[in-house]
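So the sequences go chain by chain: A and B. Numbering-wise (numbering that gives the first Met the number 0), the first sequence opens with residue 0 and increments by one. Numbering-wise (numbering that gives the first Met the number 0), the second sequence opens with residue 0 and increments by one.
Be aware that a few hints might be false.
Each pair of labels, with its calculated beta carbon distance range [to be verified]:
| id | chain 1 | residue 1 | chain 2 | residue 2 | range |
| --- | --- | --- | --- | --- | --- |
| 1 | A | 504 | B | 62 | 47 to 55 Å |
| 2 | B | 63 | A | 621 | 54 to 62 Å |
| 3 | B | 68 | A | 198 | 35 to 43 Å |
| 4 | A | 207 | B | 89 | 38 to 46 Å |
| 5 | B | 181 | A | 231 | 35 to 43 Å |
| 6 | B | 87 | A | 391 | 54 to 62 Å |
Straight-line C-alpha distance at most 25 Å; calculated SDA-like pairs for lysine to any residue [claimed, not checked]:
| id | chain 1 | residue 1 | chain 2 | residue 2 |
| --- | --- | --- | --- | --- |
| 7 | A | 191 | B | 124 |
| 8 | A | 647 | A | 215 |
| 9 | A | 220 | A | 260 |
| 10 | B | 186 | A | 516 |
| 11 | A | 382 | A | 545 |
| 12 | A | 286 | A | 483 |
| 13 | A | 566 | B | 159 |
| 14 | A | 191 | B | 184 |
| 15 | A | 566 | A | 612 |
| 16 | B | 159 | A | 615 |
| 17 | B | 133 | B | 67 |
| 18 | B | 97 | A | 58 |
| 19 | A | 374 | A | 423 |
| 20 | A | 620 | B | 183 |
| 21 | B | 89 | B | 183 |
| 22 | A | 566 | B | 160 |
| 23 | B | 186 | A | 161 |
| 24 | A | 654 | B | 166 |
| 25 | A | 494 | A | 512 |
| 26 | B | 89 | B | 67 |
| 27 | A | 654 | B | 177 |
| 28 | B | 159 | A | 512 |
| 29 | B | 186 | A | 164 |
| 30 | A | 220 | B | 126 |
| 31 | B | 159 | B | 63 |
| 32 | B | 159 | A | 541 |
| 33 | B | 179 | A | 568 |
| 34 | A | 286 | A | 512 |
| 35 | B | 179 | A | 616 |
| 36 | B | 179 | B | 143 |
| 37 | B | 159 | A | 616 |
| 38 | A | 220 | B | 63 |
The set of hints was computed from the structure by calculation and includes no laboratory data. Just so we're clear, the structure is a prediction, and the values are computed from it rather than from any experiment. Just so you know, even glycine gets a beta-carbon here, dropped at the ideal spot from N, CA and C.
Chain by chain, the residues:
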Amino acid sequence: MKISGYFTWLFFRIRLVKLIGLRAFAVKLLVIAVLTDLTGMAAAQGNSATGNQLLGLSLEELMDIKVTTVSRRPQKLSEVASAVFVITQDDIRRSGVTNIPDALRMAPGVQVDRLGTDKWAVSIRGFTGRFANKLQVLIDGRSVYNPIFSGTLWEQQDTLMEDIERIEVIRGPAATVWGINAVNGVINIITKKAADTQGTLLTAGGGSFEQGFVSARYGGKMNEDTPFRVYAKGFARHHTDAPSGASNRDQWQSGRGGFRIDHHRGNDQFTLQGDIFANAIGDTYDKSVISLQSSPTNNVRGQNEGGNIRFRWDRTLSEQSSILLQTYYDRVRYQMSPLFSFDTESFDVDAQHRFSLWDRHDITWGGNYRLYHSKVFENGFIKLTPQDRTNHVYSGFIRDDITLIPNRLYFNLGTRLDHNDFTGLEIQPSARLAWTPDTENTLWLSVSRAVRTPARAENDATLDFLQFGNAPGLPPLPFPLKAVFQGSHSFQSEKLLAYEAGYRHRFSPQASVDISGFVNDYSELRDFSLGGFTLNTGLPRQIITSVLTDNSAAALTYGFELSGDWKPTQNWRLQGNYSFIDMRISSNPLTKDFDPSVSGADKVTPQHRISLRSNYDLSDKLDINLWLRYISNIAYYNLPGYVTADAKVSYRPAKNIELYVVGQNLFSRNHQELAPDFIPSIPAVIPRGVYGGIQIRF
Amino acid sequence: MPSPLIDRSSGKMLPRSLARLLLVFLLGYGLVMPQRSALAQPALEYQVKAAFIYNFLAFTHWPGNGAQVINLCLYGEDHFGQEIDKLQNKSVGARPIKVLRSNDPEQLKQCQAVFFSQPVNDNLTGIMRSLSGKPILTLTDHANAISKGAIINMNLIDEKIVFEINLGSARKSGLDISSKLLQLAVKVHQ
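Given the sequences, and given the hints that come with them, work out the whole structure.
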């Protein structure tokens, strides 16, 4: 290359780093780039230590370089060779989304379906559902995993949207780094540091579906090295309607507050962070499915509340060496009588050490202990035996980022060993290779194994409230069929062997594309088998069959995601992505029609998804942002494909004031996105919504 | 309460996978061992800050003809290492840059620009005050330093370096800060 090619290379790196937002990666690559190229240049010019290559960059370019210290998030280093998409604070602001799951619609490969005012189904690369269980979701490093069904209850995951620094969405298994359940992907929500949220922020507004919201945040300093923030927010959202037009009575009121304190002393960085929340929610159940006639099925109101506290300590031992200790405690109480009431708490301790070895190896190793305690309250519908259970997970991991050829070829190897109470030891290795032949191109390949460990429900649960008028796949029955779902103590982990490849190309500093493809080979997936049929002699007359959980399903899925980013002019940015997936599932043919979570997952997953965003700044004071989405049909629920759009116009009459109007789901009065599974809530149609707001900063 | 169901799959999985893993590790190390070279890694943050400082000097105009040499002085702990010394080879227009390290407040008065590398405490406020009004560009990288008299202060926000300018202090010192800097500053204090 050397000298002339150097800057383009460096710019590409910076761009790439911006794209994928990996701090440690940035630092390492930049440092390596600068140094190795320096060595090369020194040799070429016979002039040693000519100095800092960054001195040649313009101020604008300097302002674009990410500089966080190497130690901060060492685990990111290994994610070079993965499909990563970053949703930034600017993306969130311009999209007008008011919650985290809706923000995730911006990322390729992610399927987000709203099931009601307070319910979402979120998954990556298939297998979605309200209780989707193949994702790892972290908020500031805290896993928001519900041990009862090993998924995420999205209505509980919230914070001040303005305080989110970015959301990293990793498609494909990342279990080696992120642990159990990072099978189909990882969603990593990172809030700003306290130092970046100084001052006062007040937001208020309201509209049709977003009936009203208010939030306040104050950031200050206890002393020079100890910035903090406190925040509180509250909102009320309207109920959704059933396709029939009746109200689902799922209107949602929420209150939340929290704090963060960062403290910096020498080589040490400390963070103490906590939140508490309370939600008032509601639901309407499908009477024809619930076999217990005596229970109320509509206007069921419930609440959930919880809190968490997290402490993190980072110590930088040297440029290449650092340690990290983190611990948190998280607690949630969920009360939705009569179907679903539980308490869960989790406690986690995580330790990591990172160091470099022989210059080309960057090694991170560590251990993790997690405790889950959950208690599911007895009711006539769901019963867990034992009711109250504590589970422990012990993990150890090691990974190595190896620079095979500086600037050109990187290899990442790692494995994770987890021990859980249900299936014992699980091994999750991965190998990744990244090749950057020149300044414009990056090619990566990976092979990895990940497992989804059993949830408590799969082991301990009995669900005996579901009845079918007609059992799919069976001849007409004289009486309704009552299915008694039964968990199994011999239920195994679901396994995935994933092969991925990706390619990134930069046409210019203003335009780039990223394509990732995958073949996912799942084995021992959850399936259900039917036991014997018996006729209930009492009333109501029912044919009772037991539905047993086993691991007899398998799947082969493949697909790709294409995303592009283009700035035609200084004040206009276009971002688009297209996701394709095809799923082949082999399972018990009987379960295909009543199990949307695995057996029928191919029909629940839309094959095509498109997202197009246009962010246009008319002036410093006025910006117009449009977002178009297309989702193809969902055969399982007979839902047609749909196109919808959101729009946000922001006006800043003064530096500290922003006024905005947002329109959501503009193209139709309402549309249905998916239907709930397991818990027989009535499906909802998601309405068009308009809201406005004001934000003041001082 | 520990579960009774433990270790069903561990027995056979571990040795084979471990052996495979070890093999790959050995192969990986074998591949790269011969190629290793001695790389020392400087802190990117200060490399970038040094580049910023270079730009600050380039976009500042000192009153009169001033000294021919721009003396860039570092006060306090030195986080830059050699990064700042690399400015020594550079010049701004026709004026070469000279990097000096000094902890003597009196000496600072000979400098055209001073970088204070530590939080501005009471002691430092005094020193800064003694420099104010003189044509000296005071640079810092700590929050609140602007209110204590610094002319340009760098901050780390969202992993990127941004800077704020105290235009009032600059004017008092007789320094002319280029509009380019003022445009890019996150905040300009009057």
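Going through the hints against the structure:
1. Distance hint check for residue 504(A) and residue 62(B): the Cβ-Cβ separation is about 50 Å, which falls inside the suggested range of 47 to 55 Å.
2. One distance hint, 54 to 62 Å for the beta-carbon pair residue 63(B) and residue 621(A), is violated here, with the actual separation near 44 Å.
3. Checked against the given bound of 35 to 43 Å, the beta carbons of residue 68(B) and residue 198(A), roughly 41 Å apart, stay inside it.
4. Taking the beta carbon of each, residue 207(A) and residue 89(B) are about 59 Å apart, not inside 38 to 46 Å as hinted.
5. Take residue 181(B) and residue 231(A): their Cβ atoms lie about 36 Å apart, and the range 35 to 43 Å holds.
6. The hint said 54 to 62 Å for the Cβ distance between residue 87(B) and residue 391(A), and at roughly 58 Å that hint holds.
7. Simply put, residue 191(A) and residue 124(B) have alpha-carbon atoms about 30 Å apart, too far for the 25 Å limit, and the pair is violated.
8. Between residue 647(A) and residue 215(A), the direct Cα distance comes to roughly 21 Å. Compliance with the 25 Å bound is thereby established for this hinted pair.
9. For the suggested pair residue 220(A) and residue 260(A), the alpha carbons sit about 9 Å apart, so the restraint of at most 25 Å is met.
10. Simply put, residue 186(B) and residue 516(A) have alpha-carbon atoms about 44 Å apart, too far for the 25 Å limit, and the pair is violated.
11. Only pairs whose Cα atoms come within 25 Å are accepted, and residue 382(A) paired with residue 545(A) is accepted, the gap being roughly 15 Å.
12. Annotation: proposed proximity of residue 286(A) to residue 483(A) holds, straight-line Cα distance about 17 Å (limit 25 Å).
13. Distance check on the hinted pair: residue 566(A) and residue 159(B) sit about 21 Å apart at the alpha-carbon level, within 25 Å; holds.
14. Between the alpha carbons of residue 191(A) and residue 184(B) the distance comes to roughly 21 Å, so the proposed pair stays at or under 25 Å and holds.
15. At roughly 12 Å between alpha-carbon atoms, residue 566(A) and residue 612(A) fall within 25 Å of each other, so this suggested pair holds.
16. Under the criterion of a C-alpha separation no larger than 25 Å, the hint pairing residue 159(B) with residue 615(A) is consistent with the structure, at around 24 Å.
17. Proposed proximity of residue 133(B) and residue 67(B) is supported: the alpha carbons are some 17 Å apart, at most 25 Å.
18. For the suggested pair residue 97(B) and residue 58(A), the alpha carbons sit about 21 Å apart, so the restraint of at most 25 Å is met.
19. As the CA atoms of residue 374(A) and residue 423(A) are separated by approximately 22 Å, the hinted pair is consistent with the 25 Å bound.
20. Between residue 620(A) and residue 183(B) the CA atoms are separated by roughly 17 Å; this keeps the pair inside 25 Å, and the hint holds.
21. In summary, the hint linking residue 89(B) to residue 183(B) is supported, as the alpha carbons are separated by about 23 Å, within the 25 Å threshold.
22. As the CA atoms of residue 566(A) and residue 160(B) are separated by approximately 23 Å, the hinted pair is consistent with the 25 Å bound.
23. Note on residue 186(B) and residue 161(A): the hinted pairing holds, with a Cα-Cα distance of about 20 Å set against a maximum of 25 Å.
24. For the hint linking residue 654(A) to residue 166(B), the alpha-carbon distance of about 18 Å falls within 25 Å, and the restraint holds.
25. With a C-alpha separation of about 31 Å, the suggested pairing of residue 494(A) with residue 512(A) is violated against the 25 Å cut-off.
26. Simply put, residue 89(B) and residue 67(B) have alpha-carbon atoms about 14 Å apart, close enough for the 25 Å limit, and the pair holds.
27. Between residue 654(A) and residue 177(B), the direct Cα distance comes to roughly 22 Å. Compliance with the 25 Å bound is thereby established for this hinted pair.
28. Taken as a hint, the residue 159(B) and residue 512(A) pair is honoured in the structure, with Cα atoms around 24 Å apart against an allowance of 25 Å.
29. At most 25 Å may separate the alpha-carbon atoms for a hinted pair to count; residue 186(B) and residue 164(A) meet this at roughly 20 Å.
30. At most 25 Å may separate the alpha-carbon atoms for a hinted pair to count; residue 220(A) and residue 126(B) meet this at roughly 24 Å.
31. Proximity of residue 159(B) to residue 63(B) is assessed by CA-CA distance (about 35 Å); at most 25 Å being required, the pair is judged violated.
32. Of the pairs offered as hints, the one joining residue 159(B) and residue 541(A) is violated, with about 66 Å between alpha carbons and a cut-off of 25 Å exceeded.
33. Taken as a hint, the residue 179(B) and residue 568(A) pair is honoured in the structure, with Cα atoms around 20 Å apart against an allowance of 25 Å.
34. With a C-alpha separation of about 49 Å, the suggested pair residue 286(A) and residue 512(A) falls outside the 25 Å cut-off, and the hint is violated.
35. Among the hinted pairs, residue 179(B) with residue 616(A) is consistent with the structure: their alpha-carbon atoms are about 21 Å apart, no more than 25 Å.
36. Between residue 179(B) and residue 143(B), the direct Cα distance comes to roughly 23 Å. Compliance with the 25 Å bound is thereby established for this hinted pair.
37. Pair hint residue 159(B) plus residue 616(A) holds up; C-alpha atoms about 22 Å apart against a cutoff of 25 Å.
38. For the suggested pair residue 220(A) and residue 63(B), the alpha carbons sit about 41 Å apart, so the restraint of at most 25 Å is broken.
When the structure is compared with the earlier hints, violations turn up for hints 2, 4, 7, 10, 25, 31, 32, 34, 38 and for no others.
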